[in-house]
Amino acid sequence: MSNKPYFKLDGDYYSSRFSEAGKQEGDTLILNLGPQHPSTHGVLRIIVELDGEYVIRAEPVLGYIHRMHEKMAEVKTYVQYLPNMGRVDYLHALAWNWAYVGAVEKLMGIEVPTRAEYIRVITCELNRISSHLLWWGAYVLDLGGFTPILYAFDDREKIMDILQIPTGSRLTYCYYRFGGVSSDLTESFLTKTRDFIEQFKDRIKLYHDLVTGNMILRGRCVDIGALPVEMARRYGATGPVLRGSGVASDVRRMEPYSVYGSLDFDIPVGKIGDAMDRYDVRLAELEQSVRIIEQALNKIPDGPFISPDVPERIMPPEGEVYFAVEGARGKIGVYLLSDGTARPYRIKLRAPGYSNLHVFAELARGTILADAVSILGSLDLVIPEIDR
Amino acid sequence: MTQILELLMHPLALLVVALVAILTFIALNGLILVYVERKVAGFIQRRPGPYEVGPHGLLQPIADALKLVGKQIVMPKGADPILFWAAPLLSFTPVAICLLPIPFGPNLVGLNVNIGLLLVLAFTGINVLALCLAGWGSNNKYALLGAARAVSQSVAYEIPLLLSVLCVAFTSGSLNFSDIIETQSHGMLSWNAFSQPVAFFIFLVSALAETNRAPFDMPEAESELTAGFHTEYSGMGFGLFFLAEYSYMIVVCAVASVLFLGGWHGPFLPGPWWMLGKIYALILLIMWFRWTYPRVRFDQLLNICWKWLIPLSLVNLLGTAFIINLVR
Amino acid sequence: MSTILKTLNGLWSLIVGLKVTGKEFCKPWKTVHYPRQEVANIDSYRGHIDLVALDENPLEARCIVCRRCEEVCPSGCISIEGHAPGVEVEDRDSVRQLLMISNVFLPGSVAREPVNPGEKILRVLDDFRLNYNLCSLCGLCVQNCPVSSLTFSEDVYLAGKSRSDFEFNLLQRLKDRAGAVKFKKAA
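Protein chains in written order, with numbering that gives the first Met the number 0: chain V, 0 to 387; chain L, 0 to 327; chain R, 0 to 186.
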């Protein structure tokens, strides 16, 4: 037993550990960014050591919104755990839905009807667009532009209206079921999606005019936080963060699941992995998602939206399974260990944001505080997903 | 009776009257500008802006002001009480003096002095002292960083501002605002904005930086420094900073319209209306900037100043001097 | 030279941005003025669950007290009381006993009993409570109901001042609804 008190009056465990870990020579300042700070998007806390405006060290502190989602799985039945997935990452809830449902289906060998697969593709890509839109607005807001986020929300609202029709909710969806989805797509959903896709193409042009070409924004993004491929691999970064560094890694292409194999889409990649590359990749992904939805809308067949031979009682056989999907922030993985009972023995959720976040500490070193904010924004973090 | 009139005609009495009028003007304009800013922001973002208090939200700024006045005034532990409270006052008071020498009409000027331009430039410089005190006095790291930014930014941008103003002083041969306006009285084409476009551009950019308006709102960059120098201020402490910011906007826009846009000269309408119209046109432009652009990074901000604006304004000044010599 | 060109290009990009916001400035609002206007997507709103009445008797729910919804609910917000005909309702314990025997009330299992359309209803619903405070609106109960006795309500403007405002007696709501309809018809 050490005599050191766990809590100190002049700062908590993390801040004292941070300052003990080696305060640099000279007149430096230790600054607490968060847990309540405009640019940490929720309750992330970052302790930085500043020399003037230069960041010497940075360390993220996690766990402020830890909700024990993994532990919860062990006391709930497979079906009861479904609503949890929408709450892990509330911005791309459907991808998490898919990862969990897919893992159980894989373990039980459930066949998903083709129509259900297409429904999943359409809704998941719509959700991806809305997630990227929110990131885009919030990132420009981090950089000090107030207006773009409201333009992004305008389109996001339309997507939420569309997704509300089959799912009944606007943010924390619980739509996918073992062997399909919970309700069929209606005619109004299909026409509304087609209309949205058409007008969204013009909106992307507006986004580029307003923000992408802007000299001030380019000054804040180009050559900021260049992430080498080697470093991205070291931290296990995935999604647009890795693709921005020039690696065409996308679960939809590398380990095709569902009907993605039969759909034609590109994987946009960047060159040097700076904030601008990550920005470009995400905006290009908006266009690719639009392409995917267009194809899926044309190809969607008739048929059942949920497999009729799913057992009413979900009791996967003993064994383990891993299933990954591509979320808006990267590779979402669900590892499931079943002991043959009605409840999962253990579930491990691989949150892409968790790996992506840890790139920050190394990237931010030596940059200006404003650049650190820009880098943090460009990683597209969703704190509830990181903490789970 | 004549004695009272004589007393009223005394320059000092006139000054007091002018000061009171200017303070009223500032307070009124503060309210109007808050409303206009929020409406402009709303319309640009395709929403109505304030709408519920009064018809079309016209009384919203009054409600806001009442809220600010009614709030409890809080001072953080460990703050320097004198500096902490001196800062908002110091930020606000020079504004009144800045508006004194600016003519709003042929005879509507608080203090017609020969060095009016110099007076304005000198007193706007006090604002940076106020921000510095606020940052230092609040015992807050964010505020301190904001104050450091404010000082380096203001010091840097005062140079191109001065140089661009000097060009106008050269061409008109005076530092008196009324004289400068007189040289621009021959229609729109005689405005200095057309004879000195580079100086006008530099003045506008520097004025944005001097008043800490977006895209140069470094000292209060809320995504980096939460609220910069006024992080710890609540209630009327914040209110005074806020009012001062809008008042400085009026000052720089008034100076810009006097120096470059012909002041109160204009057809049909009496002078003060033209003056107000020009000031508000410039303010709307500044608001339009704010709701369009992201924020410039701090070192880029200084780079723009030292590497672009200062050389440009120096060349401009030299060219102006050269041409004036030739003409003579 | 290229720096100057680049700068001029950049300045042009700033003007393009101004053009975009200027154009948007002149367009009408996109927001909906709430108390005066309503959003257009209320029809697809899903509120808390409600019981569905029998086609022939609006006062009685379709519910067969199979307790699937109670079992499947992730948050445990549904609680049901029922009895088999012929047993005194007051005698709660014996009702429970009876239900447990007939219902295979095993821990962790969903009550599974083949439900045929023509099968006689064995149990009568006495009480259907919903604690909406806990509900996460996943829709699993509605989906798992074998006789479609559950549906989503549509009250968008549901609001309350205390927790107890969201503890619903769904059977009572059903009866109130039926009464209201009857009253309307009579009037």
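Be aware that a few hints might be false.
With a straight-line Cα cutoff of 27 angstroms, these simulated DSSO-like cross-link-like pairs (lysine-lysine) come out [as the list claims (entries may be wrong)]:
no.	chain 1	residue 1	chain 2	residue 2
1	R	K29	V	K157
2	V	K200	R	K22
3	V	K204	L	K38
4	V	K157	L	K38
5	V	K105	V	K204
6	L	K38	R	K5
7	V	K191	R	K26
8	V	K270	V	K191
9	R	K29	V	K191
Hints are computed from structural coordinates only; laboratory data are not their basis.
Status of the hints after comparison with the structure:
| no. | hint | result |
| --- | --- | --- |
| 1 | R:K29 - V:K157 | 11 angstroms, holds |
| 2 | V:K200 - R:K22 | 18 angstroms, holds |
| 3 | V:K204 - L:K38 | 26 angstroms, holds |
| 4 | V:K157 - L:K38 | 24 angstroms, holds |
| 5 | V:K105 - V:K204 | 40 angstroms, violated |
| 6 | L:K38 - R:K5 | 35 angstroms, violated |
| 7 | V:K191 - R:K26 | 23 angstroms, holds |
| 8 | V:K270 - V:K191 | 36 angstroms, violated |
| 9 | R:K29 - V:K191 | 18 angstroms, holds |
The structure shown violates the earlier hints numbered 5, 6 and 8.
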